[in-house]
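Asker: One-letter residues, chain by chain:
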Amino acid sequence: MGSYTAPVGFFIALAILAYLGHAELGYHNGQFSPGVYEPYADLRSIPKSGGEVNPVDEGRVVYAQLCSACHQPNGSGNPANGCPPVAGSDWVLEEGPARLIRIVLNGAKGPIMVNGKEWGSPVGMLAFKDALSDEQIAHVITYIRQSPEWKNNAPTVTAEMVKSVREKTSSRGAQWTSDELMKIPTAVE
Amino acid sequence: MISTATPSLPKSADIPSLAEVDASFRSVALFFFAKAAFWLIAGAFLLLLASIKLHAPAMMSGAAWLTYGRLAPAGWDILVYGFAGQAGFAVGLWLLARASMQRLQSSLLVLAGGVLWNVGVLAGTIGILAGYSTGRELLEMPAGAMACLVVAAGLIGSAGWITFAARTESQTYPSAWFVLLSLISFVWFGSVALMMYSGEGPRGVMQVLVQRWYANGITSLWLGGIAAATIFHFLPHTLNRPLASRSLALIAFWSLAFFAPWAVTAHGDPFPRWIISVGIAGQFMASIAILAIAMNWWKTAEGSLNALLASPGARLIGLAAVAYVASGALDLLMAFQRFSSWTRFSWMHQGLDWLLVGGAVIAGLFAIIPDVIARSTGQALSPGLVRLHATLTLVGVSLIAVPLVVGGGIQGARLSDPTMPFMDALRASMHLVRLSSLGLVVFLLGQFVFAFALFGVFRSLVAACATTVRTWADPVSKNRTAGVRS
Amino acid sequence: MNSTPLLFLGILIALASSWWGVLVAPSLQIGNAPTVFSKETGQHYPANRPGLAQQGAEIYRSEGCNSCHSQLVRPEGFGNDLARGWGKRRTVAQDYLRDNPVLLGSVRIGPDLSNIGYRMGAGDTNAQPVMVAYHLKHLYHPRTVAPGSVMPAYPYLFEKRPIQGSPSASALKLEGAFAPPEGFEVVPTPEATALVAYLLSLRSGVSLAEAPVPPPPTNAVETATSSTNAAPASAPTR
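Chains as they are written, first to last, in my numbering: chain X, 1 to 189; chain Y, 1001 to 1486; chain R, 2001 to 2238.
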């Protein structure tokens, strides 16, 4: 068997690995507490839960789960299936949310003008009235109206507004068309 | 060198010749390799089916046992237990016996263990395909089948340790240490895991820790130990020069044995932070072993790398060494948060498995198996077929592992953009997955070649046997010959 | 290395050390963790799964869904599981307390399923039938609802049978190439129904002390500038 001695480089590498292992245990041990999980370093740094819910952040999650497949995560829409943009859309940024709430409640189909360009599809967008609560609809709409990522900035929509529109349109089963929506005043009474 | 105290050795008259050591493996080699070759074909076939189903998900979807979620784990378990473990036991015992200059002791134990092992693998495979999988990675086989495997490994392992204890050679070799470690490992990890799962079993994520501890332990020590042993044996042997450093091998051995089994957690796991830190720290420390091993092999081979291309066996051992070190390096990278968040859960996971099990273990074993067969039975595999098999295995394994690792990288890079839809990232890597299915085809073809070559050995053995019987029977009565033969 | 018993003992000590550090110590600490009371839901968390969902978990295990799907959400800074909408918070040990086996999974050929019960349905009871129909169709043949999906079809969890009298209420609404031949209908077996009940029970969104549902920054611009944010300084940004 040979008598080769390893070069200094090996021992340096060895020292680095040993240091990394040591540092990992030294700095990321979460005080060996069963209640400390990444990304928190210790018990004190964990924020208290149960504070105010932030509609934009609640809505972001709903959007990511339900809307992003069609409207795309960046809100740009998808020309391939006629799905219009929501980022910067004149429908979304309209002062009053009455039409917007109706679209999310019952869905919409057929041609639709968004920012001066024709979009839409015969299948269109499906209804979410059964899938989402008033609160969630308010959150997701508030998110698309105020998303900081898209620099949208329109007033907040509340669950009460959604509730009132839901009651008014409760008998309706069909999706909306652009023409029908245009006849409805934008403000929610 | 550490050889100072010499245990009381048997008298020189008891020291067997190398040929006698080899000959003591005859039945073990034939039994283990024939079964292993069968399982390898079966396992590769199931994995190929599973992989094809990724491209044609509705194909053959009518039968429950043919669904991806059953085929893939069954195929992989067969590869690991049916082939790698089984052939690994035989090759390991052979390395051990040669290093100890002692005939295989208690070979009946080994054969009994072999039978039980195959019963376990068969029962386990049927169990998984029939829907009785436990769902725990590498522990999918139902508990009864696992218990068979553990007992069988205990029988085989004790024969190994008995042989080592009866050694007539005072100097021990690194290859022997790694085999001994490997022989203990399966019994240890398997029996503790089974015991912990029995009865009520652990609650919640403790179940995951037990499973990870088992899976990591058997891949890095049981399979990895055998891979390291074959390379530690074969590299100096082929290059015809001594191993560069025994003390480096010693460092590698103890750091592997001590630290590798700690590396069970990964970034992002649902465990308290300190448990993850312990695992990550273990990974850093275990990398010391990989570094020492890589350095030792490199220094041994440096300057005569051409010799690693000279024969089919040498090429396979070259691949095994590269794959072993590469999988160790990827493991180390995974200990870094950045790399882990990027590649975890991607195809790289399968790529890594293939690097270690397909590259380091299977290729390494196949570098030695033809030699073991030829020496222990006196019948060599056809050299042409061995060459063809080596080439197909080499190309097959590389074609499977490399695209999966690269594909995982691509998939991970895409997924690191949160606006990239999940399926688009998957699609962007699917062509590489297709390439790895092709690799599986090549690999499977190679294993048919091996089975065919092995069949050739059996045929000539039977022929030789018949001749012996005839010459023995002849003097008694020429007329009885036909009767004896039939 | 020349004494057999010493070598044996050395290896055993090496192996036992990891057993102690990786299994025994954590088990002493979190092995007996109790369920916790959640003010948010007014119940103990995690609750036992309903019987049907429990049976579904067995199907999930035996069909090997975990070979493609994970059930863990990593925290911010460890991949963007949260940004993908796979959960409101990371998952922690508490979430898995009632699962047996716990199937974290190690590859994601399909999306994470820790919170699939919230996705689309969001806990609204009147959304349940819609969700059930969706999942059943998806299991029967994923491409009915997800074109180009590589997830296997599970037709053997369904029964294709001639329509007797009027069509069954539970028959799947299949169109085009996926529709059964005229006069036939596809109805879910009890296994499929149980599996879907299990999927809908997969929810780990209750805010926990160790993993609060983040009250995240009010908007992205503020995150960049504010240092008094609730999230700790060590939390990496997306």
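Hints listed in this document are in silico derivations from the structure and should not be mistaken for laboratory results.
Every residue gets a Cβ at the ideal spot worked out from N, C-alpha and C, and that includes glycine.
Certain hints may be false.
[Said to hold, decoys possible] The following residues of chain X were derived to be distant from chain Y, with all beta-carbon distances above 10 Å: (1) 24; (2) 31; (3) 35; (4) 44; (5) 47; (6) 81; (7) 88; (8) 98; (9) 109; (10) 116; (11) 120; (12) 123; (13) 133; (14) 174.
[Said to hold, decoys possible] No more than 30 Å apart at the CA atoms, straight line, and that leaves these computed lysine-lysine pairs for DSS-like: (15) X:109 / X:151; (16) X:109 / X:183; (17) X:183 / X:163; (18) X:117 / X:151; (19) X:109 / R:2160; (20) X:109 / R:2137.
[Claimed, not checked] Okay, the calculated bits of chain Y under chain X, using three or more residues with CB under 8 Å as the criterion: (21) 1287-1293; (22) 1413-1422; (23) 1466-1472.
Asker: Give a verdict on every hint.
Answerer: Okay, the hints, checked on the actual structure:
Against the 10 Å criterion, residue 24 of chain X falls within the reach of chain Y, whose nearest CB is about 4 Å from its own CB. For residue 31 of chain X, the condition that its CB be more than 10 Å from all CB atoms of chain Y is violated, with the nearest at approximately 8 Å. Annotated as non-interface, residue 35 of chain X brings its C-beta within 10 Å of a C-beta of chain Y; the closest such distance is 7 Å. At roughly 14 Å from the closest C-beta of chain Y, the C-beta of residue 44 of chain X stays outside 10 Å, upholding its exclusion from the interface.
The claim that residue 47 of chain X lies off the interface holds: its Cβ sits roughly 16 Å from the closest Cβ of chain Y, which is beyond the 10 Å cut-off. With a cut of 10 Å on Cβ distances, residue 81 of chain X stays outside the contact zone with chain Y, its closest approach being about 14 Å. With a closest Cβ-Cβ approach of about 16 Å to chain Y, residue 88 of chain X is found to remain outside the 10 Å limit, as its non-interface label requires. Annotated as non-interface, residue 98 of chain X keeps its C-beta farther than 10 Å from every C-beta of chain Y; the closest such distance is 30 Å.
For residue 109 of chain X, the condition that its CB be more than 10 Å from all CB atoms of chain Y holds, with the nearest at approximately 23 Å. The non-interface label for residue 116 of chain X is consistent with chain Y: the shortest C-beta to C-beta separation is roughly 25 Å, beyond 10 Å. Interface exclusion of residue 120 of chain X from chain Y stands, the closest Cβ pair being 22 Å apart, more than 10 Å. Non-interface call for residue 123 of chain X relative to chain Y: holds, since the shortest CB-CB distance, roughly 19 Å, exceeds 10 Å.
A cut-off of 10 Å between C-beta atoms confirms that residue 133 of chain X is not in contact with chain Y; the least separation is 26 Å. For residue 174 of chain X, the requirement that its beta carbon stay farther than 10 Å from each beta carbon of chain Y is met, with the minimum near 30 Å. Taken as a hint, the residue 109 of chain X and residue 151 of chain X pair is honoured in the structure, with Cα atoms around 27 Å apart against an allowance of 30 Å. Distance restraint check for residue 109 of chain X and residue 183 of chain X: the Cα-Cα separation of roughly 16 Å lies within the 30 Å cut-off, and the hinted pair is therefore satisfied.
Taking the CA atoms of residue 183 of chain X and residue 163 of chain X, the gap is near 21 Å; set against the 30 Å cutoff, the hint holds. Taking the CA atoms of residue 117 of chain X and residue 151 of chain X, the gap is near 20 Å; set against the 30 Å cutoff, the hint holds. For the suggested pair residue 109 of chain X and residue 2160 of chain R, the alpha carbons sit about 34 Å apart, so the restraint of at most 30 Å is broken. In summary, the hint linking residue 109 of chain X to residue 2137 of chain R is supported, as the alpha carbons are separated by about 23 Å, within the 30 Å threshold.
Counting residues of the stretch 1287-1293 of chain Y whose beta carbon lies closer than 8 Å to any beta carbon of chain X gives 4, which meets the minimum of three for the stated coverage. With 4 residues carrying a beta carbon less than 8 Å from a beta carbon of chain X, the stretch 1413-1422 of chain Y meets the three-residue requirement, and the given coverage holds. By the rule of at least three residues with a Cβ nearer than 8 Å to a Cβ of chain X, the coverage given for the stretch 1466-1472 of chain Y is violated, with 0 such residues.
Going through the hint list in order, the structure does not satisfy hints 1, 2, 3, 19, 23.
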